[in-house]
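Sequence order for the protein chains is X and C. For the first sequence, our numbering gives the first residue as 1, with consecutive numbering after it. For the second sequence, our numbering gives the first residue as 1, with consecutive numbering after it.
What the hints contain is simulated information worked out from the structure, not anything from laboratory work. Note that the structure is a prediction, hence the values are computed from the model and not measured. Take these hints with a grain of salt, some might be off.
[Claimed, not checked] Chain C is nowhere near these chain X residues, computed Cβ spacing over 12 Å in every case:
1. G53
2. G103
3. L118
4. G139
[What the hints assert, rightly or not] Short derived list, chain X residues pointing at chain C, Cβ under 8 Å:
5. M54
6. V77
7. G80
8. G89
9. T90
10. Q94
11. E98
12. R149
13. R180
Glycine included, every Cβ here is placed at the ideal spot set by N, Cα and C.
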Amino acid sequence: MSTPLLSAKNLRAFYGPTQILYDLNFDMQKGGITTLLGANGAGKTTTLRALSGMVKTGGEIRFDGKLISSKDTADIVRLGVAHVPEGRGTFVRQTVEENLQLGGITQPAGQIASDIDLVFTYFPRLKERFRQQAGTLSGGEQQMLAIGRALMLRPKVMLLDEPSFGLAPLIVQEMFSILRRLNEKEKVSMFLVEQNASLALELADHAYLLETGRVVMSGPAKELSQDENIRRAYLGY
Amino acid sequence: MKTTSPITTIIAAIGATVITLAQNWKVAGFIFILIIGAIFPLWASGVFTFQISQLLIYAIAIAGLNLLTGFNGQFSLGHSAFYAIGAYVSAVMMTQWDIPFYLTIPIAAAVCFVFGFLFGLPALRLEGIYLALATFALAIATPQILKFKPVEHLTGGVQGLALFHLKPEAPFGLPFDQDQWTFYVTFAVTILMFFIAFSLVNSRSGRAMKAIRDNQIAAKVTGIDLSLFKTLTFGVSALFTGVAGALSAMLIAFVAPDSFQITLAVAIFVGMVVGGVGWIPGAFLGGLFILFVPNIAEHIAFGLAAFFDLIRKVIPFFPSIGEQSAKGLTGTVYGVFLILLIYIMPSGLAGLLRLAVQRLARARG
Chain X
1 MSTPLLSAKN LRAFYGPTQI LYDLNFDMQK GGITTLLGAN GAGKTTTLRA LSGMVKTGGE
61 IRFDGKLISS KDTADIVRLG VAHVPEGRGT FVRQTVEENL QLGGITQPAG QIASDIDLVF
121 TYFPRLKERF RQQAGTLSGG EQQMLAIGRA LMLRPKVMLL DEPSFGLAPL IVQEMFSILR
181 RLNEKEKVSM FLVEQNASLA LELADHAYLL ETGRVVMSGP AKELSQDENI RRAYLGY
Chain C
1 MKTTSPITTI IAAIGATVIT LAQNWKVAGF IFILIIGAIF PLWASGVFTF QISQLLIYAI
61 AIAGLNLLTG FNGQFSLGHS AFYAIGAYVS AVMMTQWDIP FYLTIPIAAA VCFVFGFLFG
121 LPALRLEGIY LALATFALAI ATPQILKFKP VEHLTGGVQG LALFHLKPEA PFGLPFDQDQ
181 WTFYVTFAVT ILMFFIAFSL VNSRSGRAMK AIRDNQIAAK VTGIDLSLFK TLTFGVSALF
241 TGVAGALSAM LIAFVAPDSF QITLAVAIFV GMVVGGVGWI PGAFLGGLFI LFVPNIAEHI
301 AFGLAAFFDL IRKVIPFFPS IGEQSAKGLT GTVYGVFLIL LIYIMPSGLA GLLRLAVQRL
361 ARARG
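Bound-form chain X, shown alone:
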């Protein structure tokens, strides 16, 4: 097997004195979609924050062969890690256009316009809303804007934090099919955190199950979706 694109070794994370993650180990392959499942408070969001350098961590995180666990968020982002925070992290007082421009703020100015056009091919709805303030968009549109903004970084990997949260099922279906196309056509690897386990296991090729800050199960997504315990606890049938 080739070296993984993103890997964690004995990853620990803390909020002040409180330890949230306990010695996580995981790898994700280039071009793949890995999902991290778990209940509320299992540490999923914290794992993503640890990966993009926003919380105090111990252990090792490697991205593209480089050790990134002690780097600043801004530097990690520049390496091609695009974090889409939970709760539609858009700049609500700025327009869709400005949000997308901000997404490319670390990129050469010359490529911004064509990258915005690329975002529109995946999210045509955003084109109609180009001059509108992000705060006036619907929940689904805001989530799409957040993903579009992350795309402006030309990322190698996207860290997606509950993209389905609070959205209507139809919108979620649409978004997940867009994510799949992004993965296939733009070669964006994805690290997906989800509560909606059935959707996540459908999209992902590999899955980890997190319980109270520890990985309790891992394997190919297909295998996990067959697992009796997972089905009962997270898929509900």
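Chain X is already provided as a structure; the job is to place chain C on it using the hints.
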């Protein structure tokens, strides 16, 4: 063959210019402001010219605070400190080292930028009200530091420094008196500073500043270096306010620690809120407010006192306000003004203007 006379050429050129200007209302507005600024001191009285210079200086300081608060979301109740540093850098260099005034402006700007940047470092760890408190402490401490014995030989201690004999004269024998010339210098610096402010907020860096204001986590994950931008913004904000301070040293021709009390910081803050947080031109409206409304409030207070005295002539047991209380009443009237203003227009005069423009557009369209 037809030959065009020079007069037709000139008329055609003027016509073309007018049409171009009509199409570019921004350029036209700018030229209009330039013309107003150029002729204003020629007909205005010396006192009025002085007041408008002060207005422009306040506007620069308010714009500086607005860059920090309105565009970057950081609070400061301590901008009187940067105003003081700007004023003192200019005054000390003029009196102690005979450096010409014009040269002291960029130096004051640079010194304030460094101070602001350094103060921005600990400010990184403070949010909202805690930052407001820390900057408040800065505003309280600065006048005391200026009175400090070890620096007294530079700053003049409690007495301050008089600069009347150093006020710059109009060069090249231009026929302007000191008030007029001071206005022109202030006017030129104001234009430069607002040009910088507008360019900054519309640039990539400005976008990053606003992004931090709106959503820190989202700003972080787009790769914006939060610490760098927040400290830089603090520096630039202090720079603006420092330039205002340097100009005020020249205008008033006197600096003393007591001119830079916390009341000045509050005035700059009030000016920003009244003008509109996050709207650069609002600085002029805010300046107008903090310059003239205290005067108006005083007039109203004394008017009230006179009115009460008038009633006392008819109803003898009616209470009298008296001159001493009338002075105290001034602050109350000012406060009532402020409360009314915030109540009527919660987003400042900027919000009111925007509302008016929207209504107009709707009525038309």
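Each hint tested on the structure:
no. : hint : result
1   : G53  : 9 Å, violated
2   : G103 : 6 Å, violated
3   : L118 : 17 Å, holds
4   : G139 : 16 Å, holds
5   : M54  : 7 Å, holds
6   : V77  : 4 Å, holds
7   : G80  : 10 Å, violated
8   : G89  : 4 Å, holds
9   : T90  : 7 Å, holds
10  : Q94  : 7 Å, holds
11  : E98  : 7 Å, holds
12  : R149 : 7 Å, holds
13  : R180 : 22 Å, violated
Violated hints for the displayed structure, listed by number in ascending order: 1, 2, 7 and 13.
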